[in-house]
Amino acid sequence: MIQGIGASDGIAIGKVYKYEPVEVVITREMCQDVKAEQQKFDASIKAGIEALEVLKSKTENEMDVETAAIFGAHIEILRDPELAIAVSDMIATEKVKAEYALKTVSDNFVAIFEAMEDAYIRERAADIKDVTRRVLMLLKGIQSKGLSEIDEAIILVAKDLTPSDTALLNRELVLGFITDIGGRTSHSAIMARTMEIPAVVGTGDGFTQLNNGDLVILDGIMGRIMIHPTVDEIENYKEKVATLNKEKSLWQDCVGQKSTTKDCKNIDLAANIGSPKDIDGVISNDGDGIGLYRTEFLYMGRKNFPTEDEQYESYKTVLEKMGDKPVVIRTLDIGGDKELSYFDMPKELNPFLGNRALRLCLQNMGMFKTQLRALLRAAIHGNLLIMFPMIATIEEFRKAKAVLLEVEQELEMEKIAYSPNYQTGIMIEIPAAALLANVFAKEVDFFSIGTNDLIQYTFAADRMNEYVSYLYQPYNPSLLKLIHMVTEAAHKEGKWVGMCGEMAGEIQALPLLIGLGLDELSMGAPSILRARYSLKKIDSIKAKGLADMALQSCTEEEVKLLIDAFWNGK
Amino acid sequence: MKSKIVEVKNATGLHARPASGFARLATAQKCEVFLEKDGKKVNAKSILGILTLAIGQGSKVAITTDGVDEEASLKLLVDFVGQLED
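Protein sequence lines, in the order shown, are assigned to chains A and E. Note that my numbering has the first sequence beginning at 1, numbered continuously upward. Note that my numbering has the second sequence beginning at 571, numbered continuously upward.
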């Protein structure tokens, strides 16, 4: 078995087709006729642009405008006058062939870009390489049928897939793909989800381990590849695929039903939203509430801070539309990778460990109080829960709570209508807070576990860095222990615990999370009905047994096997 | 030849979309257009050139136009940078 990162849901069973891009070897060769060589270069650029235009409109039609923009950027590079001039000059002065001149000029740009501090520019180096390769193949007359050569249903295996490769995949024939590098957020992973092709990325050495024609099962949900599966395994997976398809239609029937386990234990299935616009999706998917309203989007994409009234209107809209259902609004979470153009934040060496979220708010009282005033005023219109992000110590929570009470008094004195009926809670995303959950539990009304950051901080691994993506281990017993500490501590004080990270929306994790004692799960609205449907199949006592065993495990792998066994009814 | 120093205020700086926008606008001008930062000068009609300057938020750059309609072109380009939003 090969373990990678599940990048796109779904299961595929088929034969391996290994794809290795043709190597384009360029050596320094002299040319006879400078003029002709320059013309040859111009013509190849023109042909390259034409091919890219076709690819771009194909991608626009079959995928989306955003993905197609990658090829727009490639066209821009080919139209670049500096590139063209430098190549033409080199052909003239050194009397070399166009391909050698282009390779040299392109390598120069790549070297400059790769040395840049700015991550955006560094990534553009890959674009230059991709587009240069295209023109070099035209110049050398290399006819790579490449991926279009595929004429039977296969599972594609490659070291890496460029956006150009991925866009050309034939969805009818490519049942799924496997790559050695990449993470959940790399270009090809995102494209796989858009195209709804199951994919496993970041396998490390899958390309070496697999041979052409090998029969494999690709499990994009668990991020696994089974090589030479037995007849039983295949049957087992075929059943899974069939059930998966059948279930899809059953999810819709869950509208209007309660979110309960088989033994009638209630679990709130709430939604994550970023703006009042998202509410319609929550209502149509029948969410039990809002588990996370990310207010930072109110602050982004504008030239100045949103006023108290503007914020009030947004919060009020959400609260009103949700009626009695709980709405957890998280106070401003900027810093880290999220910046505001109008707010001067000093550059930090480690922004994710720096001055962000509540830390920043407590140092900018004016900004913080404006948001809290708007929240308290909006509290009149519904069931409000205020949540503070990035809490590490109890003093931070006490300080934030004190500001909240101060704001209440100010509103009281100014005779402005507000409601004191709201809950106050914190996010658990820093291990320090999880470890002291028993202390927090006495003072907060609720907790919500933000798994993305909690994993990143527990494993000391940047979740955007693909070299350490193997450390993104939501099922590692260390993380489960932290979660369990929080639920135990909270329940002892009669408080509730939710989860609002990516893990909360993973169906596979559902029994484990219930067993660990979570009371609420907040996910993207489209996942809610599927979760409600799956919830009905889970017995909470058995789930508790699963969680107990998982907590005794040593590795993430062991936990995943336990979960598999649970779903298979063993 | 006309020249003006401007400060790039938007958060993205002259990267991504703003950089392509600037290169496209520069390409549409009849005169030559240059961008200069920290003593390094590039052809502003080149997206690759612009990116090598790594113009982030708060950078001060000199825009230079030389040739036909240099005055009007300079104003257009200066305004473009001033109006950048994220």
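Note that these hints are calculated values from the structure, not bench results. Take the hints with a grain of salt, since some may be wrong.
[Stated by the list, open to error] Examples of chain E residues lying across from chain A (beta carbon under 8 angstroms, computed):
id, residue
1, Ala581
2, His585
3, Leu595
4, Gln599
5, Asn613
6, Ile617
7, Thr622
8, Ala624
9, Gly637
[Said to hold, decoys possible] Derived lysine-lysine pairs resembling DSS-like cross-links, with alpha carbons at most 30 angstroms apart:
id, chain 1, residue 1, chain 2, residue 2
10, E, Lys630, A, Lys338
11, E, Lys574, A, Lys129
12, A, Lys303, E, Lys607
13, A, Lys369, E, Lys630
14, A, Lys338, E, Lys572
15, E, Lys645, E, Lys572
16, A, Lys95, A, Lys159
17, A, Lys347, E, Lys610
18, A, Lys347, E, Lys572
19, A, Lys129, E, Lys610
20, E, Lys611, A, Lys95
21, A, Lys46, A, Lys258
22, A, Lys303, E, Lys574
23, E, Lys579, A, Lys303
24, A, Lys95, E, Lys630
25, E, Lys607, A, Lys277
26, A, Lys369, E, Lys611
27, E, Lys579, A, Lys347
28, A, Lys46, E, Lys572
29, A, Lys159, A, Lys560
30, A, Lys46, E, Lys579
31, A, Lys35, E, Lys600
32, A, Lys347, E, Lys600
[Unchecked claim] To give an idea of the interface, some chain A residues facing chain E are shown, with a C-beta separation under 8 angstroms as derived from the structure:
id, residue
33, Ile77
34, Pro81
35, Glu114
36, Asp214
From a predicted model like this one, the values you see are computed outputs, not experimental measurements. Backbone N, C-alpha and C fix where the C-beta goes; we use that ideal spot for every residue, glycine too.
A quick look at each hint next to the structure:
1. Ala581: Status holds, d = 4 angstroms.
2. His585: holds, 5 angstroms
3. Leu595: Violated, because the Cβ-Cβ distance from E/Leu595 to chain A comes to roughly 13 angstroms (cut-off 8 angstroms).
4. Gln599: Violated, about 13 angstroms.
5. Asn613: holds, 6 angstroms
6. Ile617: holds, 5 angstroms
7. Thr622: holds, 5 angstroms
8. Ala624: holds, 6 angstroms
9. Gly637: Given a least distance of 15 angstroms, the restraint on E/Gly637 is violated.
10. E/Lys630 / A/Lys338: holds, 23 angstroms
11. E/Lys574 / A/Lys129: violated, 35 angstroms
12. A/Lys303 / E/Lys607: holds, 25 angstroms
13. A/Lys369 / E/Lys630: violated, 34 angstroms
14. A/Lys338 / E/Lys572: Violated. A/Lys338 to E/Lys572 sits at ~37 angstroms, over the 30 angstroms cutoff.
15. E/Lys645 / E/Lys572: holds, 10 angstroms
16. A/Lys95 / A/Lys159: Violated. A/Lys95 to A/Lys159 sits at ~36 angstroms, over the 30 angstroms cutoff.
17. A/Lys347 / E/Lys610: Answer holds: A/Lys347 to E/Lys610 is near 24 angstroms, not above 30 angstroms.
18. A/Lys347 / E/Lys572: Status violated; Cα separation ~34 angstroms.
19. A/Lys129 / E/Lys610: Roughly 24 angstroms between the alpha carbons, so the hint for A/Lys129 and E/Lys610 holds.
20. E/Lys611 / A/Lys95: Holds: E/Lys611 and A/Lys95 sit about 27 angstroms apart, inside 30 angstroms.
21. A/Lys46 / A/Lys258: violated, 60 angstroms
22. A/Lys303 / E/Lys574: holds, 24 angstroms
23. E/Lys579 / A/Lys303: holds, 10 angstroms
24. A/Lys95 / E/Lys630: violated, 40 angstroms
25. E/Lys607 / A/Lys277: Violated - the C-alpha atoms of A/Lys277 and E/Lys607 are around 42 angstroms apart, more than 30 angstroms.
26. A/Lys369 / E/Lys611: violated, 46 angstroms
27. E/Lys579 / A/Lys347: The hint holds at about 15 angstroms.
28. A/Lys46 / E/Lys572: Violated, at about 34 angstroms.
29. A/Lys159 / A/Lys560: Judged against 30 angstroms, a Cα distance of about 26 angstroms means the pair holds.
30. A/Lys46 / E/Lys579: Since the Cα atoms of A/Lys46 and E/Lys579 sit roughly 36 angstroms apart, the hinted pair is violated (cutoff 30 angstroms).
31. A/Lys35 / E/Lys600: holds, 26 angstroms
32. A/Lys347 / E/Lys600: violated, 39 angstroms
33. Ile77: holds, 7 angstroms
34. Pro81: holds, 5 angstroms
35. Glu114: violated, 12 angstroms
36. Asp214: Hint on A/Asp214: violated, closest Cβ of chain E at ~41 angstroms, above 8 angstroms.
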